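Chain by chain, the residues:
Protein chains: 2
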Amino acid sequence: MVSISEVAKDAGVSASTVSYVLSGKRSISAETQRRVETSIRRLGYRPHAGARALASSRTNVLALVMPLRTDIHMPAMMRFVTSVVTAAREHDYDVLLLTSDEGPAGLRRVADSAMADAFLVMEVESDDPRIPVLRELSRPSVLIGVPDDPGGLACVDLDFAAAARRCVAELAEAGHQDIALIGSPPVVYERGTSFAQRFLRGYDDATREHGLRAATRACAPDYDAVGECLEDLLTERPELTGLVVHNEAALGTVLAELRNRGRKVPEDISVVAVGQDAAAHREVPLTTIPLPTEDMVRIAVELSMRALNGSNTPETRLLRPQISPGESVAQRR
Amino acid sequence: MVSISEVAKDAGVSASTVSYVLSGKRSISAETQRRVETSIRRLGYRPHAGARALASSRTNVLALVMPLRTDIHMPAMMRFVTSVVTAAREHDYDVLLLTSDEGPAGLRRVADSAMADAFLVMEVESDDPRIPVLRELSRPSVLIGVPDDPGGLACVDLDFAAAARRCVAELAEAGHQDIALIGSPPVVYERGTSFAQRFLRGYDDATREHGLRAATRACAPDYDAVGECLEDLLTERPELTGLVVHNEAALGTVLAELRNRGRKVPEDISVVAVGQDAAAHREVPLTTIPLPTEDMVRIAVELSMRALNGSNTPETRLLRPQISPGESVAQRR
DNA sequence: TGAGTCAATCGAAGCGTTTCGATAGCCGCC
DNA sequence: GGCGGCTATCGAAACGCTTCGATTGACTCA
Numbered sequence: 010m011v012s013i014s015e016v017a018k019d020a021g022v023s024a025s026t027v028s029y030v031l032s033g034k035r036s037i038s039a040e041t042q043r044r045v046e047t048s049i050r051r052l053g054y055r056p057h058a059g060a061r062a063l064a065s066s067r068t069n070v071l072a073l074v075m076p077l078r079t080d081i082h083m084p085a086m087m088r089f090v091t092s093v094v095t096a097a098r099e100h101d102y103d104v105l106l107l108t109s110d111e112g113p114a115g116l117r118r119v120a121d122s123a124m125a126d127a128f129l130v131m132e133v134e135s136d137d138p139r140i141p142v143l144r145e146l147s148r149p150s151v152l153i154g155v156p157d158d159p160g161g162l163a164c165v166d167l168d169f170a171a172a173a174r175r176c177v178a179e180l181a182e183a184g185h186q187d188i189a190l191i192g193s194p195p196v197v198y199e200r201g202t203s204f205a206q207r208f209l210r211g212y213d214d215a216t217r218e219h220g221l222r223a224a225t226r227a228c229a230p231d232y233d234a235v236g237e238c239l240e241d242l243l244t245e246r247p248e249l250t251g252l253v254v255h256n257e258a259a260l261g262t263v264l265a266e267l268r269n270r271g272r273k274v275p276e277d278i279s280v281v282a283v284g285q286d287a288a289a290h291r292e293v294p295l296t297t298i299p300l301p302t303e304d305m306v307r308i309a310v311e312l313s314m315r316a317l318n319g320s321n322t323p324e325t326r327l328l329r330p331q332i333s334p335g336e337s338v339a340q341r342r
Numbered sequence: 010m011v012s013i014s015e016v017a018k019d020a021g022v023s024a025s026t027v028s029y030v031l032s033g034k035r036s037i038s039a040e041t042q043r044r045v046e047t048s049i050r051r052l053g054y055r056p057h058a059g060a061r062a063l064a065s066s067r068t069n070v071l072a073l074v075m076p077l078r079t080d081i082h083m084p085a086m087m088r089f090v091t092s093v094v095t096a097a098r099e100h101d102y103d104v105l106l107l108t109s110d111e112g113p114a115g116l117r118r119v120a121d122s123a124m125a126d127a128f129l130v131m132e133v134e135s136d137d138p139r140i141p142v143l144r145e146l147s148r149p150s151v152l153i154g155v156p157d158d159p160g161g162l163a164c165v166d167l168d169f170a171a172a173a174r175r176c177v178a179e180l181a182e183a184g185h186q187d188i189a190l191i192g193s194p195p196v197v198y199e200r201g202t203s204f205a206q207r208f209l210r211g212y213d214d215a216t217r218e219h220g221l222r223a224a225t226r227a228c229a230p231d232y233d234a235v236g237e238c239l240e241d242l243l244t245e246r247p248e249l250t251g252l253v254v255h256n257e258a259a260l261g262t263v264l265a266e267l268r269n270r271g272r273k274v275p276e277d278i279s280v281v282a283v284g285q286d287a288a289a290h291r292e293v294p295l296t297t298i299p300l301p302t303e304d305m306v307r308i309a310v311e312l313s314m315r316a317l318n319g320s321n322t323p324e325t326r327l328l329r330p331q332i333s334p335g336e337s338v339a340q341r342r
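Going line by line, the protein sequences match chains H and V. All residue numbers for the first sequence refer to my numbering, where the first residue is 10 and numbers rise by one. All residue numbers for the second sequence refer to my numbering, where the first residue is 10 and numbers rise by one.
Since no wrong hints were added, every one of them can be taken at face value.
Copies of one chain are not kept apart here, so a pair can be met inside one copy or by any two copies together.
Below, a list of computed lysine to aspartate or glutamate pairs in the DMTMM-like style, where the Cα atoms sit at most 25 Å apart:
#1 Lys34 to Glu15
#2 Lys34 to Asp121
#3 Lys18 to Asp121
Calculated from the structure, these hints are not laboratory results. Since the model is a prediction, treat every value here as computed from it, not as a measurement.
Please build the complete structure, drawing on both the sequences and the hints.
As structure tokens, this is what we get:
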């Protein structure tokens with residue numbers, strides 16, 4: 010492994026000059042710059058990350074804290090993770106992956122041993138036990154999701170209340186009078202997951218404002234639960250013509266089961282879904298509000314960077330939902 | 010941040026003694042050991058990862074190289090990733106996440122800047138461009154998947170040929186005479202992905218041995234492709250009674266479409282699937298050969314550790330498939 | 001012409017570990 | 001009673017970088 014002093018010798022300058030060429034923190038003559046860069050390339054020099062971290066107390070590593078639950082929609086999760094890596098690389102950062110199962114202790118471990126400069130925490134819940142820990146770490150963190158009391162921590166999320174209102178409006182404007190929400194699994198509500206609750210609130214408000222008859226069902230993504238849920242809705246509310254599905258994992262099954270029951274989308278029943286549009290995989294292109302994963306992640310990473318550069322104004326950023334029109338909502342009357 | 014010398018002072022010993030207590034590389038009196046450990050705990054000392062890496066040339070970080078393709082089944086992917094983190098932590102390692110889109114250069118970057126001790130590479134293909142790079146890195150790597158020429162690199166994978174034979178045997182033993190394989194998307198075969206080819210070979214061999222009539226279809230996971238594929242099979246081969254599905258992403262759609270066409274599983278058509286058993290989510294519990302993700306990862310991580318400790322015998326480990334019985338295979342005749 | 005300014009560079013200290021050799025004390029033994 | 005062999009410990013060097021202060025010229029301006 011070639012070191013900075015070998016580069017320095019090769020270029021006929023001091024090691025500090027090489028360092029300054031690399032960091033640009035002091036002005037360097039064009040000629041020297043050229044010589045140093047040539048040497049670097051010729052020798053294939055790469056700064057030693059550990060040495061750099063030691064001297065500068067910067068690791069250029071972002072810790073990504075991932076939930077280790079099985080009740081989360083994996084594809085959505087994965088999109089997050091890959092987006093984070095990509096976004097981080099654009100800021101010359103690498104990503105250290107942590108799972109929540111090590112708990113708060115894991116966060117402390119990584120923070121205290123200076124393995125990362127900042128934390129990105131996914132799937133934050135209303136009353137998340139990690140929050141107090143994060144707050145007292147000496148490193149900034151950005152939450153994906155909004156806890157009840159963000160106090161001092163930066164948050165990024167989709168504005169789920171607005172998303173719900175948008176879904177309801179979409180159906181109301183098409184003339185639907187009687188709709189239902191198929192939401193997250195019961196356990197998600199019990200856990201007090203913030204996004205589910207915010208969506209629910211938005212849904213309730215909007216249905217009231219529009220004067221719709223509306224129902225709500227928490228629903229696990231498995232076959233039986235979906236079947237039961239639909240059975241329930243369709244028999245109890247024969248007038249039902251619109252469905253808002255806020256449960257990516259169950260969506261496929263919901264559509265399959267509607268079909269099995271002879272309900273055509275959108276002729277018999279209209280559907281608006283929240284989550285990534287897997288349009289190509291469906292029989293009918295769905296009207297959806299996609300989760301703006303990449304935007305959220307980009308913003309989250311940028312907030313981290315900003316916090317690391319001192320301009321620290323912890324803020325909560327709720328992204329405006331954008332509806333992506335499909336063919337799953339039919340006009341009524 | 011408290012440093013080793015503060016601990017040393019607090020415990021009334023030298024810094025090196027503290028280091029030896031921590032590493033156990035020299036014998037320390039019980040009394041000293043106790044005092045040092047008390048100080049460590051009292052001060053909340055955590056060794057600085059960078060300093061440690063610098064002095065010992067060990068980072069205790071494993072680089073996980075993840076594909077950044079969209080044609081991969083995300084849930085399977087995610088299981089891998091989380092398993093790696095968990096397995097690594099058991100060896101006191103952390104995980105740095107890399108995506109393949111930075112290409113071979115990314116591997117070099119991380120290796121040369123000493124950010125990780127070893128590499129774990131997912132989704133390795135027959136003729137993977139990363140292989141030559143990995144081979145010339147100064148750090149060990151373990152591949153998940155088997156390339157044509159592993160030469161010098163450790164590999165771990167499911168024995169897909171055996172898995173295919175097992176699937177075929179399962180159907181043959183139940184008296185099926187005419188079966189078909191619904192395989193990976195065409196692009197996967199075109200790319201020369203090793204696991205798909207190995208499975209195919211095993212399937213061909215086994216159907217020949219058992220004297221079955223057999224067909225094979227590469228199939229994308231989207232609705233249209235699956236529909237077309239089934240339409241094809243069911244009309245061309247009216248005698249078809251068994252299906253081997255080696256395409257996790259398409260499985261759900263395959264089952265839904267069978268149902269739509271009025272074919273009942275297993276009465277009309279038997280199904281054996283390869284991949285994680287999502288039994289709870291299906292109408293009929295499937296007979297499957299689950300991907301032994303956790304075992305593979307555990308072995309892969311262990312191989313890395315072994316390589317790092319010198320006992321380096323790069324080997325290819327193919328795991329024996331285990332069938333998990335469901336109710337999706339019916340007896341014929 | 002001499003003080004002041006500025007750009008470019010250097011040298012050395014310091015970051016927090018690990019590790020190597022040295023040493024001090026102790027024990028047992030001939 | 002001196003010597004070899006342990007065990008437990010220490011001190012110092014080394015790891016590869018960043019950064020601070022100092023230095024050297026060259027240039028400006030009164």
